[in-house]
Amino acid sequence: MNYLAHVFLSGDDPEVLIGNILEDFTKGRIDHPRNDIYSPNIKVGLGLHRLIDHYIDTSSLIKDIKELFYPSFSKYTPAVLDVLFDYFLIKNWETYSDQNFDEFRLITYQKFEDNWEKLPDSMRKLVRSMIEYDWLKEYGTYESLTYVMGRFSIKAKTDYDFRKAVPIMIENEKYINDIFNKFFPLMIFESEKFLKTNLK
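Offset between the sequence shown (1-based) and the numbering used here: plus 11.
Incorrect hints may appear among the rest.
FRET-style restraints, in silico, Cβ to Cβ [as the list claims (entries may be wrong)]:
(1) 104 / 161: 33 to 43 Å
(2) 44 / 170: 31 to 41 Å
(3) 209 / 44: 35 to 45 Å
(4) 188 / 68: 37 to 47 Å
(5) 111 / 189: 22 to 32 Å
(6) 192 / 127: 16 to 26 Å
(7) 83 / 209: 20 to 30 Å
(8) 47 / 165: 19 to 29 Å
(9) 90 / 39: 32 to 42 Å
(10) 35 / 83: 18 to 28 Å
(11) 208 / 68: 32 to 42 Å
(12) 172 / 77: 32 to 42 Å
(13) 140 / 118: 11 to 21 Å
Quick caveat, the hints were computed from the structure, so don't treat them as lab data. Every value quoted in this text rests on a predicted model; they were computed, and no experiment measured them. No residue lacks a Cβ here, since even glycine has one placed at the ideal position from N, Cα and C.
Hey, can you work out the whole structure from these sequences and the hints?
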């Protein structure tokens with residue numbers, strides 16, 4: 012899952028949200044002393060991110076989708092799917108949320124703003140760009156998805172052109188959408204169970 016899905020699965024606690032996004036900047040064990048600067052609930056967010064990633068990596072449902080993209084993107088296939096799944100979350104937004112998508116984005120950005128002092132320096136540049144350029148909206152159309160994939164190709168410094176994932180997705184959109192709607196409710200259940208067990 013990419014940014015939107017991780018944000019969505021974070022629930023209402025802003026510190027869990029911070030930790031979930033912060034995980035991209037965090038190496039090694041969550042209980043390592045270098046992470047003692049973070050609050051218990053930020054650490055819960057770190058753990059939630061890893062739960063989500065592990066669940067996707069080991070899902071038999073997702074394995075079928077990976078086979079569509081692996082011939083074109085090899086080891087980068089999981090990262091490509093992370094981005095594409097945000098598209099399918101927007102596509103099915105009303106199935107999974109009673110909250111208007113525009114309102115959800117604004118509230119998410121406000122949570123970051125209201126807790127700015129809790130964001131480590133390494134994360135602030137990313138969050139500032141996320142808010143300024145409204146990243147969470149970027150996955151909702153073929154055109155914006157193609158743009159995101161182009162940026163991804165540049166960032167990854169690889170010969171793969173990830174923009175080519177979009178036509179593959181379009182060709183198989185109904186199939187992927189059906190699998191997403193089998194998988195994502197399970198992911199919501201596991202995330203909510205994790206938060207209920209671990210939140211302080």
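Checklist entry - Which hints, by number, does the structure contradict? => result Per hint list: 1, 3, 4, 6, 7, 8, 9, 11 and 12 violated.
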